[in-house]
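S.K.: Residue-level listing of the chains:
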Amino acid sequence: MLNCKQAAALMSQEMDKELGMMQKMNLRVHLMMCSGCRNFGKQMEFLRQGCRKFIQQDS
Amino acid sequence: MLNPDGSIDELASLRRDMLKFARLQLRDDASAEDAVQEAFAAALSGQKQFNNRAQPKTWVFAILKNKIVDIIRERVRSPSTAIAVDEIPEDAYDDLFNEKGFWQDDTRPSSWGDPESSFSSRQFWRVFEICLARLPENTARVFMMREMLGFETEEICKELAISPTNCWVVLHRARMRLRLCLDEQWFNSENRDAEL
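Chains as they are written, first to last, in the working numbering: chain L, 625 to 683; chain X, 23 to 218.
Next comes chain L alone, as it looks inside the complex (with noise of 0.2 Å):
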């Protein structure tokens, strides 16, 4: 079983490079149970999101 620091540490791995079968599958395990993470899983995102938009924007 993941715990959160653990997730939290493969999610943003998988920002970067594509995971195992296994951690995936222990991701989505974890992020079933685990509302915190899944919040911190859609920030990632977010950071990502604001990174390509942040020499978009016009200021």
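Keep in mind the hints are simulated off the structure, nothing from the lab.
Please read all numbers here as calculations on a predicted model, not as lab measurements.
What you were told as hints is all true, and nothing was included just to trick you.
Between beta-carbon pairs, the in silico distance windows are: (1) A52(X) - M645(L): 44 to 52 Å; (2) V653(L) - P111(X): 25 to 33 Å; (3) E151(X) - M656(L): 34 to 42 Å; (4) E642(L) - D127(X): 31 to 39 Å; (5) Q673(L) - G68(X): 24 to 32 Å; (6) M649(L) - S132(X): 22 to 30 Å; (7) R652(L) - S67(X): 48 to 56 Å; (8) M649(L) - E55(X): 45 to 53 Å; (9) R37(X) - M657(L): 49 to 57 Å; (10) M625(L) - R156(X): 29 to 37 Å; (11) R148(X) - M649(L): 40 to 48 Å; (12) N627(L) - P111(X): 18 to 26 Å.
Okay, the calculated bits of chain X under chain L, using three or more residues with CB under 8 Å as the criterion: (13) 126-135; (14) 140-152.
Pairs of lysine-lysine residues, derived as DSS-like cross-links and limited to a Cα-Cα distance of at most 30 Å, are as follows: (15) K641(L) - K180(X); (16) K641(L) - K87(X); (17) K648(L) - K629(L).
For glycine and all other residues, C-beta sits at the position ideal for the given N, C-alpha and C.
Fit chain X to the supplied structure of chain L, relying on the hints for placement.
M.R.: Below, chain X without anything else, positioned relative to chain L:
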């Protein structure tokens, strides 16, 4: 001259945005000025193209990104460049988790609601910039190479001569810090409530 429909103001603001971006990336005013200058010169030499572009800003930024990449490459070749993988220490985020590695009650990530709605807020982008600027220098460089200049992780390792594991560790710690910063300074802050 550059933009027949635009005003001097528009150019000045474009220049300001470019400088801001270059400074965040290079952490050195003189290099940032040079990069922006060269990007403008390159844009001017292709002025016809420039005028015909629907998105001149995107185009000039693409040129600027290439200049910045050149400067980073140059720096890495010079032996003085220090790539500190330990800028953010390994235990920096230990407090977020309990002894079993689960989120503490008060650190468990809460929903940011509809975070994309913040993209239209100037204040949000100021906070975003401050949070980026707070990343340690080399950490910021690795992170921005990945997320803003669009390098693959393998390329960053190669360019900066660091191991893939270290590269990934730096990226992870940068994301953790940026997430916390946005969480504290915007999504759970009065700044946001005042704006939205």
